[in-house]
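> Chain by chain, the residues run as shown.
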Amino acid sequence: MIDAIKNRAISIRRVFAGRKVAALGAIWLCIVLVAAVFAPWVAPFDPLEIDPVARLTEPGAPYLFGTDHFGRDTFSRALHGARMAILIGVGSVLIALILGGLVGMLSAYFTKLGHVLMRAVDVLMAFPALLLALVLMTLLERSVANTIIVIGLVYAATTSRILFGMTLKLKNDVFIDAARCSGAGHFSLLFRHILPNLLSPLLVQATFIFAFAQLQAAALDFLGLGLPPEVPSWGNMLSEERIYITRAPWLLLFPGLLIIFSVFSVNLVGDAMRDSLDPRFKDDIAGV
Amino acid sequence: MSEPLLDVQGLKVYFSNPATRLFSAHDAIKAVDGVSFQIAPGEVLSLVGESGCGKTTVGRVLTRLEKATAGRVSFSGHDMLDMSQHEFRPLRRHIQMIFQDPFASLNPRLTIEQTLQEPLMIHKLAHNRAEARRLVVDMLEKVGMGADVLGRFPHEFSGGQRQRIGIARAMIVKPQLIIADEPVSALDVSIQAQVLNLLKRLQAESGVAMLFISHDLAVVRHISNRIAVMHEGRIVELAQKTRLFEQPEHDYTQRLLKAIPRIPTSLGA
Amino acid sequence: MLSYFIKRVLAFIPTLIAASMLIFLFIHLIPGDPAAVLLGDTATPEDIAALTRELGLDEPIWRQYIHWFGGVIQGDLGQSLFFKTPVLSVIADGAETSLLLALMTMTWIVIFGVPIGILSATHHGTWIDQLTSGFAIFFASIPTFWLGLYLILFFAVGLGWFPSSGFPSISDDGGWRNLRYLLLPSLTLAAPNAALIIRLVRSSMLDVAKEDHVRTAKAKGLSPAKIAIKHVFRNALIAVAAAFGFTFAALISEAVVTETVFSLPGVGRLVVQSILRRDYPVIQGVILIIVLLYLSINLIVDLAYGWLDPRVSLQ
Amino acid sequence: MALLEVENLEIAVAGQSEWLPVVEDCSFSVDNNQTLGIVGESGCGKSLTAMAIMGLLEQSQVNITNGKIWLDGENLLDMSAGDRRRIMGDTMSMIFQEPMTSLNPVYRIGDQIVEALRQHRKMTSAEYRTRALQLLEMVNIPDFQQRINSYPHQLSGGQRQRVMIAMALSCDPKLLIADEPTTALDVTVQNEVLELMLDLQRRTGTAIILISHDMGVIAQTCDEVAVMYRGRIIESSTTAGLFANVLHPYTRGLLNSIPAIDSETEWLDAIPGRVPMLEEKLSGCAFHPRCSYSQPKCADTLPAALSIGESHLVRCHFAGELEL
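Protein chains in written order, with our numbering: chain F, 1 to 288; chain H, 289 to 557; chain W, 558 to 872; chain C, 873 to 1196.
Just chain F, with the same shape it has in the complex (with noise of 0.2 angstroms):
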C-alpha cells in the first residue's frame, strides 16, 4: 500500500541509487553528448579529409584510431558520428513519442476514433520494424531527415499501441471519474489529468527507443539504405569498411564499441528508470 502511494515521479538520485552499472552509462552518454555538440572543435582532423599516404594506418598517434581505407581519420569521423546518432535518436524519439502518442492517446479516449486508428496501427505493425522501415527508404531518397522521419515513424506504430494500452488503463481510474465529475472537458482531461500521469512511462519508452532507433539506423547504412554514404556516421564508417576488416582489424573495432557502448548505456538507463515506474505500466514498455 505504502507502494502504492509513493509519487511516481522519476527522480535521479531513485534511478541510479545502487546501481552504479547505469550511473556509468548515464555518464557515458553524457560523453557522447558532449563529443557531438564540440565535434568540429575537438576533432584533430577534418572527417573528410582525404589522405592516401596514410591510408589503413593503425591506432596510435597521431590518428587515435588509425584511419580507413581513404585516410580519413577514424577518430574524427567517430567524434562526428556522435553527432549523427544523437540527431537520429532524439530525432526519431521526438517523431515516434509526439506521433504516436497522440495517435495511441486519442485513440483509446476517444472509442470509436480508436477502432479506425488501431485498425490502421495493426496494419503498420503487421510489418516487422526493420522491413517496413526498408520498403519506407526505398520510397525516399537517402538523407538524415529521411532516415530519421522512417525510423520515427516505424517506432511511432510501436509507441501508439503502447500509449493505446496505459490511457485505456488510466482511462478507467476513479481519479478521471472524479474529474469528469468536477466538469473538465476532453482536452483537460486528456492533456491535464491523463497526459501528465504518463511522463514518466512515456520517458522510460524514449530511452528504448533512442536505442532501438541507433541499432536500426546501423542495420540501414549496412544495407546501403540509410543516411547518404558521405555522412560520417558510426553505421557508414562500419558498412564502408567491412570488406577490410581481415586486413586491418581495428578499423572496425571503434565505431562498433561505440554503438555498443552508446546503446548498452541507454537501455541500461531505461531499465533502472523502468523499475523505479508505477507497476501498472511496466509490462507496457518495449524495450530490453
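Treat the hints with care, since some could be wrong.
Unchecked claim - Within a straight-line C-alpha distance of at most 30 angstroms, the following computed DSS-like cross-link-like pairs (lysine-lysine) qualify: (1) C/Lys1046 with W/Lys767; (2) F/Lys171 with W/Lys767; (3) W/Lys783 with W/Lys767; (4) C/Lys1153 with W/Lys783; (5) H/Lys546 with F/Lys171; (6) C/Lys994 with W/Lys775.
Stated by the list, open to error - If you only want the chain F side, here are some residues facing chain W, beta carbon under 7 angstroms, derived: (7) Gly60; (8) Ala126; (9) Ala129; (10) Thr138; (11) Ile243; (12) Ile245; (13) Phe264; (14) Asn267.
By construction, these hints were calculated from the structure, which means they are not laboratory data. Source: prediction; values computed, not measured. By construction, the Cβ of each residue, glycine as well, lies at the ideal position given by its N, Cα and C atoms.
Chains H, W and C: place on chain F using the hints.
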C-alpha cells in the same frame, strides 16, 4: 413529501456481455433492472446491497459516468438522461460524487490546491486565483484541514485525509445532491467514524441531499433518513430507516440483517 | 475456445488484406519506371510504352491491385523482372535457407534464453542476476552485422573452424553436415533475441512471484524450486508467449542483415537485393509472404495464449 | 504447554535507512479446539504476526528480531528452512484475505486442493482425487463432482474462499491461521464461511487464529481476543470477558467508533487523530497522543501488561481505574 429533488423512474442499465458478444448480441448483463426512487431536498437516502447488486451503477448513471439503457431521471425538473453532454454541464455542478477509494480518486500529479480549484474554475465560481484560494482554504477548514496542505500532493496523505479532500472537492461547488459511493468502506474503523461524523455534519449544515451507497448496514442506519435495499438490480424494499431495521418486510432484507455479526453491548458504555 | 479461435481468425483476414494494399501502394510509389528497368538502357520510348501497356501499368492503380491480388490468391505472385522466372519460385529458392536458419536460431534462443532467464529470476538481486541481466542487455545492444563480421573474422577466417559464407542446400553434397554453414549465422541471430527472452522470462517471473497465489504455494510447504517452475515459470509463460510474436518480428528484421553479412541465399537477402535491383514484383511478393508469415505466427501465439491461460479461452 | 505459544515476538521492517519495529513484545498462545482472534486497524502488525508464525515473511524486507514461536514444543524459529517447509501446509496452514488472487489461475481447483497433500503424504492418484472430492464436499461446494475440474475464475468469491479452506484443511492441520478470511466477501457469504470454519473446528479440533479488523466477526467467532495497536497487544482476554469489561481506552474507542446496528445515535464517539506512521517514534504508551485519558506518565513510560481478573491482560497505566 415535498417536491422531489431527484426522481428516478424505471431505470435500467444493461451491459453487453463480452464473452458472448460474437454470436448472441442480445445476451446482456442486467446490472440495474427497473429501479425507481425519489430524493427530497436535504434528504439522505441510502442504497444498500451486496456486491454486484447494481447500487454503484445507479450512482454512476446519476453522475452520467455510465449510460442508462432505459428509464427516466429528473433532477429538479430537468430530464437528465436525454440531455446532451453540453446541456448537462450546468447541472453537473449540482450533482457531485464522493468515491470509495481515497487512494485512487485524487490525481497523483496535481496538488491539493489544483484539485480543489479545478471545479471552481470550471463552473466559474471563482474569477481569479486569489478568490479560488480563499474558497479552497475555507472548504479545507470545514473538512478539518489547514491551509498548509495546499501545495502538497495526494501521496503525502493518509486514507482518511484523502477522503476529507475528496469530500471537500465534492462540497466546494455547493451542490444540491451528493452521491457518496462507499465513502468510508476503505477506511479503518476509527477513521471511518471521524469521516462519518464529518459527512453528517456537513450534510446537516449545507442541507445538501445525499444518495449514500454502501454495503454496510450499520453505517447506513447511522447516516440515512430512508433506506433502499437492492438485490440483483432491483430495489426490494424501501422504507424509513427505523422501520426497515425494526420491521424488515422483504425476505432478503431479513436475511441481510440476520447475517451481520453483532457485537455484545458491554455494561460499561 | 472455438469462439475465441474464430474471433482471432476473423481479425487476421482484414489485416492481411489491408497490409497487401499497403505493400502494393508502397511499391507503386517508388520512383522509377519498372518497364524501363526491365528493358534496360537501350530501350526506346516506344518499347517502354508498349511494355507498360503489356504489363497493365497504364491502368488505374486499384485495377492493377485487384489484378495482382487475384493472382496472389491463386498462388501467382507475378514474374521477377531480374530472374524472369515466377516470383514464387524465386522465393521458394530462398525458403530452405531461411527456414533452417530460423529453426536453428529458435533452438538457441530457447536453449539459452529460458534457463538463463529462470536462473536470473530465481537469484533476483544477487550477483548472478546482475551478471546475467547485464550480459543480456549487453547482447541486445550489439548490432547484429557487427557481431557477425567479427565472428567470421575469428572463427572462420582466423581459426578456420566454420565456413565464412554461403549455404549449400542440405540436398547437395554434404547433406545435413551443411548445417555447419548456418552455425555462426544462427548464433549471431540468436544473441540479441535470446537476450530479449532472458529479460522477458526474468521480468515476467518476478511479476508473477509477487502475486498472492505464490504465497499460497509457499504456505503449502512446496520447495523453492517447485514453486519457481510449477507456479512462477508456468504462469510467466503466458506473458512470454504473448511477447513471442514481437521476438519473431525482431528475428525477421535481423535475418535480413545476417543473411547479407554471411551471404546466405535466403529470403532476407533476397529482399535487400531486390530492393537494390528494383525488382518490384519480387519485393512485393517477398514482403507479402513475410507479412503473412508474421501474422500467422501472431495468430498461433494468440491461440497458444488461450491455451496457456484458461481465463482467456473459458469465459 | 499449549499447541502454539508465541513469546516476546519482535518484527522489524526495512525502512529508508534503518529497521523499524512493527511488532514488539508480542506474546500469546492458542490450543486445540480454541479460536483466538487478533483484532486491530491496518498497520497494527496483526498480519505480520500471522505471517511470522507461518514462516512467510520476505526476509529482505521483514525480519524477526527477537522472540520464540513454539509449536508442539518446538521453536519454529530455530528450525532449518527445510524442516519448516515440512510443517507448512501440513501441521499448520493458512487462509488469505483475497480469494480472488490467492488461487493460481492456470490450474484446476482439484489439483490445487491436493497440492499440499502431494507434498506431504504419499498416496495414489485415485486417493488424491477421492480426498479432493471429500474436501470439496466438506466445504459445501455445490456440484463438487464437476467443480473439481473448474478453474478458479469460474467460481464466485465465496466459493473460492471455500476452496481455500478445503486446501488449508487437506492435511488435517493442528493450527489454521485465517488472515482476514471474510473481508473481501459479502455479509451473507461471510456468515456462511465463518460458520463453516467453526463447524470444521468442532469436527477436527483444529486450533484457529483469526485475524480481522472487524470486531463483529471476532466477537461472533472467537473464544479469546487480542487487541493490537501499533505493534503491541494492548488488551487480551476471553471474548466474553473483554466485551463485558473493556479496560483499555483504545479498545473502548474502537468499539465506540462502530455505528450500532440495533440502535440509533446522532454522533459517533470517534477516536481523534490517526494511527501514527511507522517512522514516527513514540515514547511511552503508543496510544497516548489520541487518548482522552492521557496523563504525563503515559508519554514517558511504557505501560507493562497488567493482569486483571482471570486471563485479562491490559497495557494501560490506569487499567481498571478509568470510567470507560
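> Run every hint past the structure and note whether it holds.
Hint-by-hint comparison with the structure:
{"no.": "1", "hint": "C/Lys1046 with W/Lys767", "verdict": "holds, 28 angstroms"}
{"no.": "2", "hint": "F/Lys171 with W/Lys767", "verdict": "holds, 25 angstroms"}
{"no.": "3", "hint": "W/Lys783 with W/Lys767", "verdict": "holds, 16 angstroms"}
{"no.": "4", "hint": "C/Lys1153 with W/Lys783", "verdict": "violated, 42 angstroms"}
{"no.": "5", "hint": "H/Lys546 with F/Lys171", "verdict": "violated, 40 angstroms"}
{"no.": "6", "hint": "C/Lys994 with W/Lys775", "verdict": "holds, 19 angstroms"}
{"no.": "7", "hint": "Gly60", "verdict": "violated, 21 angstroms"}
{"no.": "8", "hint": "Ala126", "verdict": "holds, 4 angstroms"}
{"no.": "9", "hint": "Ala129", "verdict": "holds, 5 angstroms"}
{"no.": "10", "hint": "Thr138", "verdict": "holds, 5 angstroms"}
{"no.": "11", "hint": "Ile243", "verdict": "violated, 10 angstroms"}
{"no.": "12", "hint": "Ile245", "verdict": "holds, 6 angstroms"}
{"no.": "13", "hint": "Phe264", "verdict": "holds, 4 angstroms"}
{"no.": "14", "hint": "Asn267", "verdict": "holds, 5 angstroms"}
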